[in-house]
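Enquirer: From first to last, the protein sequence lines stand for chains A and B. For what it's worth, this note's numbering labels the leading residue of the first sequence as 1, then goes sequentially. For what it's worth, this note's numbering labels the leading residue of the second sequence as 1, then goes sequentially.
The hints are simulated quantities; they were obtained by calculation from the structure and are not laboratory data. Mixed in with the good hints there might be a few duds.
[Claimed, not checked] Taking lysine-lysine pairs in the DSSO-like style, the calculated list, with each CA pair at most 27 Å apart, reads:
1) Lys4(B) <-> Lys211(A)
2) Lys4(B) <-> Lys157(A)
3) Lys227(A) <-> Lys113(B)
[Claimed, not checked] Covered stretches of chain B (chain A as the covering partner; in silico rule of three or more C-beta atoms under 8 Å from a C-beta of chain A):
4) 7–17
5) 39–48
6) 57–71
7) 80–93
8) 182–189
Glycine residues also receive a C-beta, built at the ideal position from the N, C-alpha and C atoms.
The residues making up each chain are set out below.
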Amino acid sequence: MKSIEFFRNIPFGQYIDNDTFLHRLSPAVKIVWVFMIIVLITGINSLVILLSLLIITFSLALLARINPNFILRGLLPIFGIVVFIIILQLLFFKPTGADIAIITLGKLVITKNLIVTLAGIILRFVDFMTVVTLFTAITTEADTVQGIEYLMKPFSKYSPWVHAFAMTINITFRFVPIVIGELELIVKAQVSRGSSFSEKKLFTGPIKAIKDYLPLIVPVIVRSLDKAMLLGDAMDARCYRSQGRTRYRALKHTYMENILLYLGFVLPVAVLVVSFVKKIA
Amino acid sequence: METKMVRTIVITAVLSALSIVFAVTSLGYIPWFGGISITIMHIPVIVAAILEGPIAGTIVGLVFGLTSLLKAASAPTGPVDLLFVNPLVSVLPRLFIGVVAWLIFTAFNGKIKPLAVACSAFFGTATNTILVLTMLGLTSAIRLAEVIGINVNAVPKTLIGIAWANGVPEAIGSIVITLAVVFGYWGITKGKAKIAKEE
């Protein structure tokens, strides 16, 4: 099961322990900013804004004393795909009337629109990866959960589910290694019974792959549910209730962090509105 | 187990963890004819909806959507994956799988439980397939045409083709696996299953 080592090979999702302003910043602020930047990336077509977002994220990474190489390494796996897209675009892009040809190589015509489209696709991709990598590099899992709980605080008056939701996310993170352990166990058990679970799915054919999958997937899910019931019994035995819980270290926002939090809500909306108005005008 | 809420929390959490593991190890995606892999990622969502109701289903669906978004962005397996770097395509449709699966399950839940579970699995899968492809067509028809290399007018036809080629095997797989899992789980809670006495 080589693919289980996936987590260790890519920088994406790794926490880098530096003691900087960005690491100490309230996780709620970071979540809001990441979410809003993703909204901007998907909602905006302007190359200038996409490029400036990239520059901002990289300068933030420098502020957090994260080696830019670390982020660039996460972009390596997508490089092949990018080349593939460029080739496809070159072959199938039809220049329209009001378009300026820049380079002409025999039948290949590289136009301004083509370059703009390509740059948009690639920039959007790189932006997204950079933001997510940066966020996971400066925020621990526990902090993320606390941040989510903080952001949902206004709703907790009405529903006991707010804490329950944060707790669910917390248990999810904790359970990932346990589920991987179960998976390895089942794979070994089925192989010892003569199943030929192979890594080379593409070459064994889809039907074969599905036949190999069934005796693997079902036991893994059932056993994991069984583990869940054990955990539930343990939580009940300790009288877990999701309402009225307190924390040893409560998350408190400074004045500055509150301003940043509200800016994180207001700024992207403003940018979206301005670009929308520009499009209409 | 005494409290309903604790059970809901742990089951939702474990099924979300399963979704993450399936996505990361690419066990959740099986290579299929035509280059677009068929997925079993929606099965934990349907199981959660059947066992614990619509909220649990929606949360696991959210995890499914987010992993699919991150997977498309970090380790794309084809040019179509690029278009999934858009929460409207990858996250939003997945939130409805759980709700639909739960609605169908409660509607059919009578004396014949296997039928209710099977219908729920079928319609949950259909929700995933139809909504994702619809959103793909609505948000990025032009880019889709560019990426696959076809005319924009041929996009709806291609999407329907994908829906048949991938949706049918996904639905069959989902019915088989969901039935096995749900009845396995009901076996655990009644103490009939072998697995409960193992440890």
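Enquirer: Check whether the Cα positions of Lys4(B) and Lys211(A) lie no farther apart than 27 Å.
Expert: 36 Å, violated
Enquirer: Under 8 Å between beta-carbons, do enough residues of the stretch 57–71 of chain B, three at least, approach chain A for the coverage claim to hold?
Expert: Contact hint for the stretch 57–71 of chain B vs chain A: holds, 3 residues under 8 Å.
Enquirer: If you count the residues of the stretch 80–93 of chain B with a beta-carbon closer than 8 Å to a beta-carbon of chain A, do you get 3 or more?
Expert: holds (count 6)
Enquirer: Assess, step by step, whether the Cα of Lys227(A) is no farther than 27 Å from the Cα of Lys113(B), and give holds or violated.
Expert: 24 Å, holds
Enquirer: Mind taking a look at whether chain A covers the stretch 7–17 of chain B? Criterion is 3 or more residues with CB to CB distance under 8 Å.
Expert: holds (count 11)
Enquirer: Check whether three or more residues of the stretch 182–189 of chain B sit with their beta carbon closer than 8 Å to a beta carbon of chain A.
Expert: With 4 residues in contact (Cβ-Cβ under 8 Å with chain A), the coverage given for the stretch 182–189 of chain B holds.
Enquirer: Holds or violated: the stretch 39–48 of chain B covered by chain A, criterion of 3 or more residues with Cβ-Cβ distance under 8 Å?
Expert: holds (count 4)
Enquirer: Do the alpha carbons of Lys4(B) and Lys157(A) lie within 27 Å of each other, as the hint requires?
Expert: At roughly 20 Å apart (the allowed maximum being 27 Å), Lys157(A) and Lys4(B) satisfy the hint.
This entry does not satisfy hint 1, going by the numbered hints stated previously; all others are met.
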